[in-house]
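Asker: Once you've looked at the hints, dock chain V against the given chain B.
2 protein chains.
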Amino acid sequence: MIEKLSASEAFINPTIVVENAGMKKLILAAAVVSGLIAALPAAAQFQKPEDAIKYRKAAFNVMATHFGRVGAMANGRVPFDAKAVAQNAEIATMMSPLPYSAFGEGTDKGDTKAKPEVWTEGDKFRAAAAKMQEEMTKLNAAAKTGNLDAIKTAFGPVGQACKACHDHFRKE
Amino acid sequence: MIEKLSASEAFINPTIVVENAGMKKLILAAAVVSGLIAALPAAAQFQKPEDAIKYRKAAFNVMATHFGRVGAMANGRVPFDAKAVAQNAEIATMMSPLPYSAFGEGTDKGDTKAKPEVWTEGDKFRAAAAKMQEEMTKLNAAAKTGNLDAIKTAFGPVGQACKACHDHFRKE
Numbered sequence: 035m036i037e038k039l040s041a042s043e044a045f046i047n048p049t050i051v052v053e054n055a056g057m058k059k060l061i062l063a064a065a066v067v068s069g070l071i072a073a074l075p076a077a078a079q080f081q082k083p084e085d086a087i088k089y090r091k092a093a094f095n096v097m098a099t100h101f102g103r104v105g106a107m108a109n110g111r112v113p114f115d116a117k118a119v120a121q122n123a124e125i126a127t128m129m130s131p132l133p134y135s136a137f138g139e140g141t142d143k144g145d146t147k148a149k150p151e152v153w154t155e156g157d158k159f160r161a162a163a164a165k166m167q168e169e170m171t172k173l174n175a176a177a178k179t180g181n182l183d184a185i186k187t188a189f190g191p192v193g194q195a196c197k198a199c200h201d202h203f204r205k206e
Numbered sequence: 035m036i037e038k039l040s041a042s043e044a045f046i047n048p049t050i051v052v053e054n055a056g057m058k059k060l061i062l063a064a065a066v067v068s069g070l071i072a073a074l075p076a077a078a079q080f081q082k083p084e085d086a087i088k089y090r091k092a093a094f095n096v097m098a099t100h101f102g103r104v105g106a107m108a109n110g111r112v113p114f115d116a117k118a119v120a121q122n123a124e125i126a127t128m129m130s131p132l133p134y135s136a137f138g139e140g141t142d143k144g145d146t147k148a149k150p151e152v153w154t155e156g157d158k159f160r161a162a163a164a165k166m167q168e169e170m171t172k173l174n175a176a177a178k179t180g181n182l183d184a185i186k187t188a189f190g191p192v193g194q195a196c197k198a199c200h201d202h203f204r205k206e
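Quick note, the sequences are listed as chains B and V, same order. Quick note on this note's numbering: the first sequence kicks off at 35 and runs consecutively. Quick note on this note's numbering: the second sequence kicks off at 35 and runs consecutively.
Bound conformation, chain B alone (with noise of 0.2 Å):
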């Protein structure tokens, strides 16, 4: 199976804030994985259907996990700690590309929660997907300058990128 959605179609998001002189090293280390993850090769493969799809949320399973410790922190639900802030905000915007290259031919059938929308309506999917990664990336910038504040703020946009996409490309 050849997947058709690239992460090099609509998945990138280059831009990364340099908030703090100090973090400029780990922020454009971040940059570049980011870059060389976004541009994920269009005939990334399966060998079955149900590969993608068990990868697919995989990797949203271990993005979930890591951009939920960071809501934890940033909802005071657990004591604030800047560098697992930072470490689980890097960990979540390096996962934030790869479940859509497996929403390839052929995977919209199966153990999978995604609606038909995800492939009729593509450029949305696209774009919902992109918006994502673009709030994850500012959160990530905000995460490494280790301010609360910024942080909080950054999390919101993020939480409601993730529920928009949930609500229309997604079966309860």
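Worth double-checking, as some hints may not be accurate.
Any copy will do: because identical chains look the same in the list, a pair fits if it lies in one copy or spans two.
Claimed, not checked - Below, in silico cross-link-like pairs of lysine to aspartate or glutamate (EDC-like), each with a Cα-Cα straight-line distance of 20 Å or less:
1. Lys158 x Asp183
2. Lys117 x Asp183
3. Lys82 x Asp157
4. Lys205 x Asp157
5. Lys149 x Glu139
6. Lys143 x Glu168
7. Lys91 x Asp145
8. Lys197 x Glu168
9. Lys88 x Asp145
10. Lys91 x Asp201
11. Lys197 x Asp157
12. Lys149 x Asp201
13. Lys165 x Asp115
14. Lys88 x Asp115
Because the hints were derived from the structure by calculation, they are not lab data. If you're wondering where the values come from, they're calculated on a predicted model, not measured in any experiment.
Answerer: Here is chain V on its own, set in the frame of chain B:
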């Protein structure tokens, strides 16, 4: 649940071999990000043991998917594409420390193939994980050179490290 195993204990592998001066920036970036990931806090939290189990399976799935794509080219099943090999090796390397934050207390039961030896022989398990990460880092460096022979040479030891750990610590 507070996790007992920490990436920062045994899973750090700072060995980054610069094989190609032109790739220095990318390799530096990988080193920095690997360092970030490797320094995951010991107290990485999961709400429930089953969340940890699901997460570690997810992280292994993503790692194995990208490692498998490197293997398909190293073994000639898929035409060699130096850029794709480099991208996939990079992602596999970034994923390689993640699962090991999720073998904490209480995660030995449930929907898992992990054998009790993961916990009763913790030092050996951590050493096996570290070995895999070390070999993966070498494969990543080889992949960045674009030299197929170097990639073939580096691929085998990663597969062997995976297998050695599976044989001892994973149920059939």
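Asker: For every hint, state whether the structure bears it out.
Answerer: So, going through the hints one by one against the coordinates:
no. : hint            : in the structure
1   : Lys158 x Asp183 : neither (31 Å within a copy, 43 Å between copies)
2   : Lys117 x Asp183 : within (15 Å within a copy, 40 Å between copies)
3   : Lys82 x Asp157  : neither (24 Å within a copy, 37 Å between copies)
4   : Lys205 x Asp157 : within (19 Å within a copy, 43 Å between copies)
5   : Lys149 x Glu139 : within (14 Å within a copy, 37 Å between copies)
6   : Lys143 x Glu168 : neither (29 Å within a copy, 38 Å between copies)
7   : Lys91 x Asp145  : both (10 Å within a copy, 17 Å between copies)
8   : Lys197 x Glu168 : within (15 Å within a copy, 38 Å between copies)
9   : Lys88 x Asp145  : both (8 Å within a copy, 16 Å between copies)
10  : Lys91 x Asp201  : within (17 Å within a copy, 26 Å between copies)
11  : Lys197 x Asp157 : within (18 Å within a copy, 41 Å between copies)
12  : Lys149 x Asp201 : within (10 Å within a copy, 39 Å between copies)
13  : Lys165 x Asp115 : neither (27 Å within a copy, 30 Å between copies)
14  : Lys88 x Asp115  : neither (32 Å within a copy, 25 Å between copies)
Taken one by one, the earlier hints fail for this structure at numbers 1, 3, 6, 13, 14, listed in ascending order.
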